[in-house]
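Construct all of the structure, not just a fragment, from the sequences and the given hints.
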Amino acid sequence: MADKVKLFVNGQEVEVESGKNLIDAIGAVGIEIPHLCYHPALGADGNCRMCLVGIEDGRPPLVPACKTRAAEGMKVQLDTDKIKKIQRDIMELELINHPIDCPICDQAGECKLQDYYMKYDGQKSRMTVKPVLKAKKMDFGCGVVHDQERCVLCARCVRFTRLITKTGELGIVNRTDYARVNIFPGRPLANRYALNVVDLCPVGAMTSADFRFKQRSWFLTKSKGICRGCSKGCNIFIDHNREKYKDDVIYRFRPRLNEKVNGYFMCDAGRMTYKQENDNRLTVALLDGKETGLNEAVEALRRAVSQAKKIVCVISPNNSLEQMFAIQKFAANCNAAVSGYSDGYVIAGDGDDFLIQDDKSANRASFALLGIDASKAGFDAAVNGADLLICFQNDLSLSLTADALNALAGNCKLAYLGSNMDACAEKAAIALPVASATEDAGTLVNVDSILQQYAVAVVKNTPAFDMIHVVSQLGGEIKNCFEARAGLTAAVAALKGIDLEQVPGEGLALTVSEVPNVAA
Amino acid sequence: MSDRSQLIETGKPFAFDAQRDAEFERLAKRYPTRESLILPSLWLVQEQEGWISAEAMAYIADRIGTFATMVYEAATFYTMYNLQPKGKYHICVCRTLSCYLLGKQEIVDYLQRELGIKPGAVSADGQYSLEEVECLGHCGSAPVVQINGEFYEYMTVDKLKELLATLK
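In order, the protein sequences belong to chains A and B. Okay, so the first sequence: first residue is 1 according to this note's numbering, each after it adds one. Okay, so the second sequence: first residue is 1 according to this note's numbering, each after it adds one.
Everything labelled a hint here was simulated from the structure, so no lab data went into it. Hints are not guaranteed to be accurate.
Below 35 Å or equal to it, Euclidean Cα-Cα: the simulated DSBU-like pairs (lysine-lysine) are [stated by the list, open to error]:
#1 A:K137 / B:K159
#2 B:K161 / A:K130
#3 A:K130 / B:K86
#4 B:K12 / A:K166
#5 A:K136 / B:K86
#6 A:K246 / A:K427
#7 A:K214 / A:K246
#8 B:K118 / A:K136
#9 B:K168 / A:K166
#10 B:K168 / B:K86
#11 A:K130 / B:K88
#12 A:K124 / A:K222
#13 A:K82 / A:K112
#14 A:K260 / A:K413
#15 A:K130 / B:K118
#16 A:K310 / A:K376
#17 A:K309 / A:K275
#18 B:K159 / A:K130
#19 B:K29 / A:K137
#20 A:K329 / A:K137
#21 A:K136 / A:K67
#22 A:K309 / A:K479
#23 A:K137 / B:K118
#24 A:K75 / A:K166
#25 A:K479 / A:K224
#26 B:K118 / A:K124
#27 A:K136 / B:K12
Structure representation (structure tokens):
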């Protein structure tokens with residue numbers, strides 16, 4: 001824990017962390033200092049002047065809070081008439097050429113300019129001259145759409161491309177009231193994190209082509225989740241909404257701060273994985289490709305399990321730790337071999353040194369914890385002579401060629417439990433729908449051995465059963481997530497002493513055990 | 001001042017000629033960081049071509065090893081850089097405080113009428129170009145007009161009339 005210092009805000013004594021700037025330090029105890037250009041990940045720029053505060057200690061009468069460190073005994077003035085006037089003046093300046101098109105602006109509801117106008121300004125416009133007109137709906141590339149007129153020139157986006165992605169596609173060109181953000185002709189945004197500028201933009205200047213005009217932000221329920229686009233496990237907000245007479249639909253993923261995992265950002269590819277949760281879902285049970293009742297299909301699979309001589313359970317590296325454990329127990333009960341073969345989920349060389357990983361699955365690290373073999377050799381040995389192959393969310397079409405998968409489906413009965421109508425589900429003799437990642441709760445271990453949990457975020461009008469429930473109906477001994485967690489802490493060495501019901505929000509760093517648990 | 005962000009593309013690649021190339025390399029040793037070369041490089045382009053095209057900015061950026069947007073920012077910020085081909089007589093009128101207060105608008109209005117062009121434009125015959133620029137540093141003798149780099153101080157519409165007559 002960092003050192004604490006005592007200082008005074010508007011005469012009231014507060015205790016804050018030392019070493020931080022005033023915006024962060026005082027903000028942490030719930031006192032807001034308005035700011036547009038400062039962002040913790042991009043540092044203090046001091047260009048917007050919105051965070052000017054008074055400090056009574058003989059220094060110049062006004063200082064930018066973003067560039068001033070909290071110090072013992074500091075007397076910070078936020079509510080003097082002078083500060084209030086400055087805030088009003090800055091707001092008036094920002095709004096001179098602003099189109100004030102909030103009714104058609106995507107940012108409305110989560111716009112700093114809107115919030116600050118209501119809180120710190122509230123005056124009528126005194127402008128009688130024509131505003132400066134600039135370009136609108138500019139295609140900046142990577143799905144970023146820019147409106148120069150809404151921009152407040154805080155340069156967060158510019159600093160993001162220069163400091164974080166180091167690609168520098170954006171700049172502020174011209175000067176005075178003609179200044180605007182632009183790309184260089186013919187050199188649009190071309191980096192894999194570009195959509196972060198949409199989140200960084202405090203106003204509606206940067207919008208996402210994908211999200212534009214889809215939903216008003218105040219209708220969205222912002223649930224916490226974890227991205228499954230790769231093994232990094234970036235923390236996200238799942239923004240979803242159930243419109244009247246419709247189903248609960250996810251409209252976007254946004255990064256959620258976790259200093260230990262992803263910081264403030266996430267990649268564009270991960271952001272778009274929300275589409276898998278909405279589209280091409282497996283919503284009904286299929287028997288040989290024909291729709292059938294869920295109970296009937298479960299019964300068919302149970303019969304197949306009892307009749308089969310050699311069963312193989314193929315676990316997906318996207319299954320949660322609890323699901324893997326439940327499947328492992330089920331497999332042990334019916335003498336089935338277990339494989340986690342999923343080479344197709346890894347794209348070698350695709351990762352970078354920031355967030356994106358080669359492994360496009362969320363929970364491969366749990367294979368090691370549970371001693372699940374994911375090798376091709378192990379898989380080949382397991383399927384040799386098998387007459388029933390059950391894939392649990394594992395889309396084998398990614399790892400096997402179409403011919404190999406067809407041959408496999410010809411040699412043995414292929415069953416599939418999953419949430420999406422992928423190639424594997426299409427080939428399966430029995431396909432059972434289960435809840436998708438955002439409709440289920442569970443635990444993931446990321447590439448850096450950080451254990452994180454997610455809760456149910458989306459509840460569909462007709463919710464699919466979660467995987468563990470379906471597995472228990474097939475004859476698995478574990479009935480739900482809680483039982484799985486109790487079993488995990490008892491059986492897995494690396495999880496000893498961890499209360500899986502009380503995992504902190506920022507995750508738990510596991511000390512990786514050299515001896516993987518093979519007791520199951 | 002106007003929007004200078006619409007760059008003109010020539011469709012032809014740009015490169016320094018031998019003399020500017022040597023000068024660029026000489027300057028490169030002078031500065032502690034490569035970014036410092038942006039402003040002098042832009043001058044070199046302007047010396048060579050008379051104006052600065054999008055291709056020239058991209059060339060400078062790649063040559064220096066910086067982002068094209070950094071060059072774009074600098075070139076559009078400073079009004080002394082010509083971002084389009086200029087007229088034979090390039091007329092700059094200072095629009096900053098002293099000149100503003102002492103009647104730069106009358107001069108601009110007169111020139112607009114007389115030459116038939118708005119600030120930022122070039123006349124159809126390529127003879128004149130007009131620009132409103134930021135402070136030229138001659139506040140003591142405002143309002144000031146600059147034609148092809150020459151200063152004309154204490155300007156009035158009458159003096160300008162005489163001056164224009166000599167240019168034709």
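Quick rundown of the hints versus the structure:
1. A:K137 / B:K159: With Cα atoms ~46 Å apart, A:K137 and B:K159 exceed 35 Å; violated.
2. B:K161 / A:K130: holds (32 Å)
3. A:K130 / B:K86: Since the Cα atoms of A:K130 and B:K86 sit roughly 29 Å apart, the hinted pair holds (cutoff 35 Å).
4. B:K12 / A:K166: holds (28 Å)
5. A:K136 / B:K86: Answer holds: A:K136 to B:K86 is near 29 Å, not above 35 Å.
6. A:K246 / A:K427: holds (30 Å)
7. A:K214 / A:K246: Distance ~14 Å between A:K214 and A:K246 Cα, so the pair holds.
8. B:K118 / A:K136: holds (24 Å)
9. B:K168 / A:K166: Distance ~51 Å between B:K168 and A:K166 Cα, so the pair is violated.
10. B:K168 / B:K86: Cα-Cα ~16 Å, so holds.
11. A:K130 / B:K88: holds (33 Å)
12. A:K124 / A:K222: Cα-Cα ~33 Å, so holds.
13. A:K82 / A:K112: holds (22 Å)
14. A:K260 / A:K413: Distance ~44 Å between A:K260 and A:K413 Cα, so the pair is violated.
15. A:K130 / B:K118: Roughly 18 Å between the alpha carbons, so the hint for A:K130 and B:K118 holds.
16. A:K310 / A:K376: With a Cα-Cα distance of about 18 Å, the restraint between A:K310 and A:K376 holds, given a limit of 35 Å.
17. A:K309 / A:K275: The given pair, whose Cα atoms are some 39 Å apart, is violated under the 35 Å limit.
18. B:K159 / A:K130: Measuring from Cα to Cα gives roughly 33 Å; hence the hint holds.
19. B:K29 / A:K137: Violated - the C-alpha atoms of A:K137 and B:K29 are around 43 Å apart, more than 35 Å.
20. A:K329 / A:K137: violated (55 Å)
21. A:K136 / A:K67: The hint holds at about 33 Å.
22. A:K309 / A:K479: Status holds; Cα separation ~25 Å.
23. A:K137 / B:K118: holds (27 Å)
24. A:K75 / A:K166: Not satisfied, since the Cα-Cα distance of roughly 39 Å exceeds 35 Å.
25. A:K479 / A:K224: At roughly 25 Å apart (the allowed maximum being 35 Å), A:K224 and A:K479 satisfy the hint.
26. B:K118 / A:K124: holds (33 Å)
27. A:K136 / B:K12: Satisfied, since the Cα-Cα distance of roughly 29 Å is no more than 35 Å.
Checked against the numbered hints given earlier, the structure breaks hints 1, 9, 14, 17, 19, 20 and 24 and satisfies all the rest.
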